[in-house]
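There are 2 protein chains.
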Amino acid sequence: MATGETQIDTGSLRVTRWEIEPGGAIPLHRHEHEYVVVPLVDATLHVVEADGSEAAVELRVGRSYARPAGARHTVANRGSAPLAFVEIERLS
Amino acid sequence: MATGETQIDTGSLRVTRWEIEPGGAIPLHRHEHEYVVVPLVDATLHVVEADGSEAAVELRVGRSYARPAGARHTVANRGSAPLAFVEIERLS
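Note that the protein sequences, when read in sequence, are chains A and B. For the first sequence, the UniProt record's numbering gives the first residue as 1, with consecutive numbering after it. For the second sequence, the UniProt record's numbering gives the first residue as 1, with consecutive numbering after it.
Read the hints as simulated data drawn from the structure, not as lab findings. Predicted, not measured: the structure shown is a model, and the values here were computed from it. Treat the hints with caution; some may be incorrect.
Just some of the chain B residues that point at chain A, by a computed CB distance under 7 Å [to be verified]:
(1) Thr10
(2) Ser12
(3) Val38
(4) Ala66
(5) Arg67
(6) Ile88
(7) Leu91
Taking CB as the label site, the calculated pair distances span [as the list claims (entries may be wrong)]:
(8) Asp42/B <-> Ile8/A: 16 to 26 Å
(9) Asp51/A <-> Pro22/B: 31 to 41 Å
(10) Leu28/B <-> Asp51/A: 25 to 35 Å
(11) Ala81/B <-> Arg63/A: 13 to 23 Å
(12) Ala81/B <-> Arg78/A: 31 to 41 Å
(13) Glu49/B <-> Gly79/A: 19 to 29 Å
(14) Ala2/A <-> Asp42/B: 17 to 27 Å
(15) Gly23/B <-> Ile8/A: 24 to 34 Å
We put the beta carbon where it would ideally sit given N, CA and C, even for glycine.
Excised from the complex, chain A in its bound form (with noise of 0.2 Å):
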């Protein structure tokens, strides 16, 4: 299971802190926005693209990454422990 909690939304920047238990995932979802993710713990994180290619995310604790508009994938936590990390989204 995977839940989002919106914690800010100023009309121009949106923060979404997200939870992943093991085995859940968030379900396949298009970014209409550039973001940033901010990770709260070392762990994998399992990115499956829309045409079913996979790739492995290393999140390190504060170790920050962005990624353009467009993406479309699934993220899974397929490891022992919850998996969470903040979302900041750039909305206009």
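Based on the hints, put chain B in the right spot on chain A.
Structure of chain B alone, referenced to chain A:
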């Protein structure tokens, strides 16, 4: 002492990881852009405004907050442990 590491600059978003040692501070600065802070530790951040007024901000891991452009302040760590957070600025 305080150190800031620019992790990302996409031209529209800039991400900086800040670490402030006990007794250290980020010197007086003005925020030219709207920004979000994602705390990486539980701690108290002392914010000293340019007019001398002070506020104690309780940081909790992953509990983000946003501020508009225009703030002008010093931020200090008066605790006994290093303090770390990620700042995301909306550049344009």
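I'd like to know which numbered hints this structure contradicts. Please list them from smallest to largest.
5, 7, 9, 10, 13
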